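**Student:** Here is how the chains run, residue by residue.
Number of protein chains: 2
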Amino acid sequence: MGKPLKQIKLGAFLMQTGHHIAAWRHPEAQADAGTNFAHYADLARRAEAAKFDAIFFADSVGVRSSHLPFLARTARADQLEPLTVLPALAALTERIGLIATASSTFNEPYNLARKFATLDLISGGRAGWNLVTSSSEAEAQNFNFEQHPAHNERYERAAEFHDVVVGLWESWGENALLRDKASGIFYDTEKLRVLNHKGKHFSVRGPLNVARSPQGRPVVVQAGASEAGRDLAGRTAEVIFVAHQTFDDARSFYSDIKDRVQRHGREADDVKIMPGIFPVVGRTLAEAEEKFEKLQSLIDPVVGVSLLSNMIGADLSGYPVDGPLPDLPATNGGKSRQQLLADLAHRDNLTIRELYLRISGARGHQQVVGTPSQIADQLQQWFEEGGADGFNIMSPWLPGGLDDFIEDVLPELRRRGLFRTEYEGRTLRENLGLKQPRGLL
Amino acid sequence: MGKPLKQIKLGAFLMQTGHHIAAWRHPEAQADAGTNFAHYADLARRAEAAKFDAIFFADSVGVRSSHLPFLARTARADQLEPLTVLPALAALTERIGLIATASSTFNEPYNLARKFATLDLISGGRAGWNLVTSSSEAEAQNFNFEQHPAHNERYERAAEFHDVVVGLWESWGENALLRDKASGIFYDTEKLRVLNHKGKHFSVRGPLNVARSPQGRPVVVQAGASEAGRDLAGRTAEVIFVAHQTFDDARSFYSDIKDRVQRHGREADDVKIMPGIFPVVGRTLAEAEEKFEKLQSLIDPVVGVSLLSNMIGADLSGYPVDGPLPDLPATNGGKSRQQLLADLAHRDNLTIRELYLRISGARGHQQVVGTPSQIADQLQQWFEEGGADGFNIMSPWLPGGLDDFIEDVLPELRRRGLFRTEYEGRTLRENLGLKQPRGLL
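So the sequences go chain by chain: A and B.
So that you can map any letter, position 97 of the first sequence is 747 in this note's numbering, and since no number is skipped, the others follow by simple counting.
So that you can map any letter, position 136 of the second sequence is 786 in this note's numbering, and since no number is skipped, the others follow by simple counting.
If you're looking for bench data, these hints aren't it; they were derived computationally from the structure.
These numbers were taken from a predicted model, which means no experiment stands behind them.
There may be inaccurate statements among the hints.
The list makes no distinction among identical chains, and a pair is therefore deemed to hold if it is satisfied within one copy or across any two copies.
As the list claims (entries may be wrong) - The list that follows gives simulated cross-link-like pairs (lysine-lysine, DSS-like), each with its CA atoms no further than 25 Å apart:
#1 K941 <-> K831
#2 K831 <-> K944
#3 K831 <-> K841
#4 K848 <-> K941
#5 K908 <-> K944
Let the sequences and hints guide you as you build the complete structure.
**Tutor:** Written as structure tokens, this is what we have:
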């Protein structure tokens, strides 16, 4: 009786005018959404009013395609830098978490540690860092690399990067700041910890020149599904954002990660697994399908084939669009994603066109087209049967797709006792049900 | 006869609880100001209501002193990262410029180009970048360096860094974004410029994945007073923030920079020179002096000697505090600052204690203690006689010191027709009277 002990956690994935590749062409879409701050302010307020745990910004540090016919037809490069947008949204919101993606391959840990600690301070404890290693050569070429650093090397660097950042966040003990005007003593320097890190990739002395942040440390989010990614996540992640095609995949990933977490001496509940969900909501199934087809019809074939080529790490423009997916060469990029797509094509016997139509919408994430009750059923199943602790809602277009989810699906989840009606806590950590780290000093 | 053609430009230098080293001990100071976002939001709104051109945030990427007795007695490390705070302030203001300091030595140009372009977009054209090369070993040690990179090397990197950033800001021509839903064409790729920079320090392909920003490009600010710093400023700076002790120094610097600017084919007015001013305002001179002495009396000698040692690049703790300044070894840090301080001590025959008291307040900047009319006289002289285009107001303590300036000095400047009563433009560039760069494409 009363509400269940555990409820679904929800993130709102805010990407320009929506997650669907042709969303910007939707009649109700704001085509300039990518660089329109008012658009994001409006979305953040809607998501907060709906009691989402967090808003989530993806990122890349480059224009991932140099194929001009593709580039000309997408809104891809018309975006804002997440760690600059989220502080602005922090000033306009009070309770919702703020998760920004930032690359461990193309940043310095001291800089990122300062920025996330600052975001945590100005938001009153709502910051999260989605650590990615970046997967494209186009990004590497903006940072002095001829070729992209190899997958294993990126993950090795990421692991050390993470430890340096967390170490810097522990520079100041919980009561290090005395600020005693009478004696003139500002800090208790007994509670100062100089990191003195010397590792393979980084030498970082410390301490951080930003005070201890309200959450002790910002929430660490990860998205890697490869072996190296899972290994790092098992040791360090507190939230995992992941793409699955089927419930079996989700359950197997969920159980693997929870095992790894426990093998690292953590509790299973110390990490929240939140797959991406691409929901298209209709009052009837037919209405939902019609909404989806409307978006699909806006995909230019040039965009579809290029998008697939880019995601799969191989140029498919020379192959017949109505023929099968050819065998793929191994790439240095996101290995797990290539495998997911090849498996999908093989399983459902898809042509290149069918595959690009399949992935252009949800782009590897679970696509759910249906009524509020059908969508709630699926979320409930994944949540209750060991596939997810929550979900990242990748709205097909914005704001309309998010509105549909908020107005139609959330009431259904609440009727079932599966989603909150009010925030439980003040910080992102509290709302997610994650432990507050105690200071080392 | 109407307002004069040119008026004074004003920046509000916002540093924790004020520029005076002991400001945090002031009875009216908010001791936690450094990490208190509400404090900065309040200051930004006050400065905007007063029609300041910009607020200005200094920065360092490390705790500059490892001398614990000093560290314990200052608020130094209790700060926020500027490029994370200014976006949040952008969301709460509408007209005031937002200038953040960021180091060319410890960042990558692609990252900074994105962040400043984003700040420019979300603020509607109010972003400024204060390019610094960073001057302390404590900072270098947070970024894999055993020793700080040499002065000339830092400036060589800074020059190339600047060119890459500005080049990236020119990735998209003025009308590159078509966003035509009907044809499906988002970009005019004819107006896309791929930088393809390959230089000594950087290889950066581009293009930037952020749209062209409202100002064409954010305003470039610099503060270097060394030969290398002046050379870079002459070619690239649009605003110069500088420290002077005397009007003669100010005039000589002003004329040197304007010459250099013209030698680089720019117009003298393409750069605004804004020395720092540390004003202590009283209704009478005696009241102003009393306010100043109250702050000076709060400086712990441990802090004074350490501060001076740190600024001058040599440990003075072993020398008699009431003896003269010893001859100084050459350092790799801020050469120009060391020279300024040695000249000051020599000119006025100061002991170490007298020197630290002298510089603890204004820290190398022009200190003006007096009535509103006396302070206005000095600003007017510097402005009208070739010493300055404007000033950065380094309030001794905050918010009180800024309030004094706004309530007492600004009305006096306005009576003289020397400062605006309303913003002239919408962007920082427009308010400063700087040209809007036209897109290359």
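**Student:** Is the C-alpha distance from K831 to K944 at most 25 Å within one copy, between copies, in both cases, or in neither?
**Tutor:** For K831 and K944, the Cα distance is within 25 Å only across copies (14 Å; inside one copy 65 Å).
**Student:** Measure nothing new, just compare the shortest in-copy and cross-copy C-alpha distances for K908 and K944 to 25 Å and report within, between, both or neither.
**Tutor:** neither (39 Å within a copy, 60 Å between copies)
**Student:** When Cα atoms must be at most 25 Å apart, do K831 and K841 count as within-copy, between-copy, both, or neither?
**Tutor:** Result: close within a single copy only, 19 Å intra versus 58 Å inter.
**Student:** Classify it for me, K848 with K941: is the Cα-Cα distance of at most 25 Å met within a copy, between copies, both or neither?
**Tutor:** Neither: 55 Å inside a copy, 47 Å across copies.
**Student:** Could you place K941 and K831 in one of the four classes (within, between, both, neither) given a Cα distance threshold of 25 Å?
**Tutor:** The answer is between: 17 Å across copies meets 25 Å, while 63 Å in one copy does not.
Consistency note: the structure conflicts with the earlier hints numbered 4 and 5.
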